[in-house]
Amino acid sequence: MFELFGISSQALFGQLLIGLINGSFYALLSLGLAVIFGMLNIINFTHGAQYMLGAFTAYFLLQYAGLGYWWAILLAPLIVGITGIIVERLFLQWLYRLDHLYGLLLTFGLALIFEGTFRNCFGSSGQPYSVPPALQGGQNLGFMFLPNYRAWVVVFSLAVCLTTWFVIERTKLGSYLRAATENPTLVRAFGINVPRMITLTYGFGVALAALAGVMAAPIYNVSPQMGANLIIVVFAVVVIGGMGSIMGAIVTGFGLGIIEGLTKVFFPEASNTVIFIIMAIVLLIRPAGLFGRAA
Amino acid sequence: MQRVAQATGDHAVRARSEAIAFVIMACALVIAPMFAYPVFLMKALCFALFACAFNLLIGYVGLLSFGHALFFGWASYVGAHAAKVWGFPPELAILSGTATGAGLGAIVGALAIRRQGIYFAMITLALAQMMYFFAIQAPFTHGEDGIQAVPRGKLFGLIDLANQTNMYVTVLVIFLGCFLLIYRIINSPFGEVLKAIRENEARAVSLGYRTERYKLVAFVLSATFAGVAGATKALVFQLASLTDVDWPMSGEVILMTLVGGLGTLFGPVVGAFFMVTLENYLTTIGQWVFVVQGVIFVVCVLLFRRGIVGELAQILRVKL
Numbered sequence: 005m006f007e008l009f010g011i012s013s014q015a016l017f018g019q020l021l022i023g024l025i026n027g028s029f030y031a032l033l034s035l036g037l038a039v040i041f042g043m044l045n046i047i048n049f050t051h052g053a054q055y056m057l058g059a060f061t062a063y064f065l066l067q068y069a070g071l072g073y074w075w076a077i078l079l080a081p082l083i084v085g086i087t088g089i090i091v092e093r094l095f096l097q098w099l100y101r102l103d104h105l106y107g108l109l110l111t112f113g114l115a116l117i118f119e120g121t122f123r124n125c126f127g128s129s130g131q132p133y134s135v136p137p138a139l140q141g142g143q144n145l146g147f148m149f150l151p152n153y154r155a156w157v158v159v160f161s162l163a164v165c166l167t168t169w170f171v172i173e174r175t176k177l178g179s180y181l182r183a184a185t186e187n188p189t190l191v192r193a194f195g196i197n198v199p200r201m202i203t204l205t206y207g208f209g210v211a212l213a214a215l216a217g218v219m220a221a222p223i224y225n226v227s228p229q230m231g232a233n234l235i236i237v238v239f240a241v242v243v244i245g246g247m248g249s250i251m252g253a254i255v256t257g258f259g260l261g262i263i264e265g266l267t268k269v270f271f272p273e274a275s276n277t278v279i280f281i282i283m284a285i286v287l288l289i290r291p292a293g294l295f296g297r298a299a
Numbered sequence: 004m005q006r007v008a009q010a011t012g013d014h015a016v017r018a019r020s021e022a023i024a025f026v027i028m029a030c031a032l033v034i035a036p037m038f039a040y041p042v043f044l045m046k047a048l049c050f051a052l053f054a055c056a057f058n059l060l061i062g063y064v065g066l067l068s069f070g071h072a073l074f075f076g077w078a079s080y081v082g083a084h085a086a087k088v089w090g091f092p093p094e095l096a097i098l099s100g101t102a103t104g105a106g107l108g109a110i111v112g113a114l115a116i117r118r119q120g121i122y123f124a125m126i127t128l129a130l131a132q133m134m135y136f137f138a139i140q141a142p143f144t145h146g147e148d149g150i151q152a153v154p155r156g157k158l159f160g161l162i163d164l165a166n167q168t169n170m171y172v173t174v175l176v177i178f179l180g181c182f183l184l185i186y187r188i189i190n191s192p193f194g195e196v197l198k199a200i201r202e203n204e205a206r207a208v209s210l211g212y213r214t215e216r217y218k219l220v221a222f223v224l225s226a227t228f229a230g231v232a233g234a235t236k237a238l239v240f241q242l243a244s245l246t247d248v249d250w251p252m253s254g255e256v257i258l259m260t261l262v263g264g265l266g267t268l269f270g271p272v273v274g275a276f277f278m279v280t281l282e283n284y285l286t287t288i289g290q291w292v293f294v295v296q297g298v299i300f301v302v303c304v305l306l307f308r309r310g311i312v313g314e315l316a317q318i319l320r321v322k323l
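Going down the list, the protein sequences come from chains F and A.
For the first sequence, the tail end lands on 299 under our numbering, and the numbers increase by one without skipping.
For the second sequence, the tail end lands on 323 under our numbering, and the numbers increase by one without skipping.
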């Protein structure tokens, strides 16, 4: 361990690691928002609540079914994704021809319902969720102590992000998706079932949020309002990155997480607000966002 | 020629229905203290003004601000601070809150109108959240406690506002004054340009209007009226707290306007009274209030997009 600018390397790299972890959640969530917006033209305000639902599903699986972390990371996104599909069929599908703002208002209402219900049933305090045995402990890297679980979160979410990017940008399925985003009517004329694709896209975006929730469960406690404040930060991330590009969402997410972590070390007072300040600056310099195309 | 005649005829009918509705509303509010608690009515009036300010933006320019609590809450902080610490009389306290709303509106508006549609909502929400964190950290807001025991003072040095009736009349005059001002703005040539932007911004640009300036002015006006509402509320409750700057408050004002009817003149007032009454009855169920609000959001968006006043206007075939 050594010192840098009067700050111990443990503190610096520790915060940097937390920044990376937050960044992976930002990336996963803004990725989901971007994919959903591309297909549904809806900004999914429920995304934060669905992230919370992912964490709670993991908690329920452990409490009532005795299924641990590895099952949860597989099942929770699936279960929450299916609830997403139900939400899309029940509510969202009626809004596609209306102004964008109705989608935002409806998903905001759904977020209030989910978060309010869980707060009534589980209170405001968090439920603990322990790190899986295989990932307990950590490595001493000389300049910092690296907990295994945190390293896993960063590596795994990066892998998920890059896989998503690969599927959307480089495969046949992804090309259908991109084509349907550009011109759904034409793609339908080619005999592709666009409405089903829209439903599955929403389910997939929601599953990404739930996956982030499962990964967050051992780091932060499982609490009903874990998603409420996060989603607003993710909105700022989306404004900074622009929703035009998948890679843009990933890079912006991780980058802003790191910047936020560094702010915690050097200027802790601003750590809550730094992302919003960056958003204001980006709006002044590049109103379309760093990776966005002008509308 | 015939169409012009018909248009002016419509306009006359509309002005008449709106004038009648205004007189009914004003009379109802004058006699209301005989039937309901003045504090309850004043709360509803402050929220009604807040919702009218919000509706100016979404109903007539088509801009959804998800951060209006920012102007409401900060105006209430500055108004309360001015009255309590600086010893300002109530009229100056409300004015300083109003100026806060206008100033913040100019800054936030200038940033937010750089993007359209859905991004506009996200930007206003994010900036409001930023100012919420500032409100937590700033020493003068007293964090979780808020600014308590704000003196109501004497209006113009004469009228003692500690008297509940005096306070009610003051709030009522402020509300009706601002309501008429908003009505005037909506029906001015400026207001017509705003509606043109709402209907088709590209076409308004092609007609030579600098739409971003119009949008900015509308945003500042909306924030200013929200400021009046916030500062007045601080005096009524003698309290300014974090609740007023937090995002659920932004959601609440959207809900009030949606329930009453987006883009209708009286909708926000009806919506505000509806929601405040509902919450009054629901205080016993605690946190379930959020769930109820969420359900109302979903129902309104799916089945009831015109809102109470919008539906009423449809049935009566008048403009309200």
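Derived by calculation from the structure, the hints in this document are not laboratory data.
Since we're looking at a predicted model, the values are computed, not measured.
Mixed in with the good hints, there may be bad ones.
Below, a sample of chain F positions facing chain A; criterion: calculated Cβ distance under 7 Å [said to hold, decoys possible]: (1) I47; (2) H104; (3) L105; (4) N124; (5) G127; (6) A240; (7) S275; (8) N276; (9) I282; (10) A284; (11) I285; (12) P291.
Residues from chain A that keep clear of chain F, each with C-beta distances beyond 10 Å, as calculated [claimed, not checked]: (13) I27; (14) F91; (15) G120; (16) M125; (17) Q140; (18) D148; (19) L175; (20) K198; (21) A207; (22) S209; (23) L261; (24) R308.
For each residue, glycine too, the CB sits at the ideal point set by N, CA and C.
Hints and how they fare:
{"no.": "1", "hint": "I47", "result": "5 Å, holds"}
{"no.": "2", "hint": "H104", "result": "5 Å, holds"}
{"no.": "3", "hint": "L105", "result": "4 Å, holds"}
{"no.": "4", "hint": "N124", "result": "5 Å, holds"}
{"no.": "5", "hint": "G127", "result": "9 Å, violated"}
{"no.": "6", "hint": "A240", "result": "4 Å, holds"}
{"no.": "7", "hint": "S275", "result": "9 Å, violated"}
{"no.": "8", "hint": "N276", "result": "4 Å, holds"}
{"no.": "9", "hint": "I282", "result": "10 Å, violated"}
{"no.": "10", "hint": "A284", "result": "6 Å, holds"}
{"no.": "11", "hint": "I285", "result": "10 Å, violated"}
{"no.": "12", "hint": "P291", "result": "4 Å, holds"}
{"no.": "13", "hint": "I27", "result": "29 Å, holds"}
{"no.": "14", "hint": "F91", "result": "29 Å, holds"}
{"no.": "15", "hint": "G120", "result": "6 Å, violated"}
{"no.": "16", "hint": "M125", "result": "4 Å, violated"}
{"no.": "17", "hint": "Q140", "result": "7 Å, violated"}
{"no.": "18", "hint": "D148", "result": "19 Å, holds"}
{"no.": "19", "hint": "L175", "result": "31 Å, holds"}
{"no.": "20", "hint": "K198", "result": "15 Å, holds"}
{"no.": "21", "hint": "A207", "result": "16 Å, holds"}
{"no.": "22", "hint": "S209", "result": "17 Å, holds"}
{"no.": "23", "hint": "L261", "result": "7 Å, violated"}
{"no.": "24", "hint": "R308", "result": "7 Å, violated"}
Checked against the numbered hints above, the structure breaks hints 5, 7, 9, 11, 15, 16, 17, 23, 24 and satisfies the rest.
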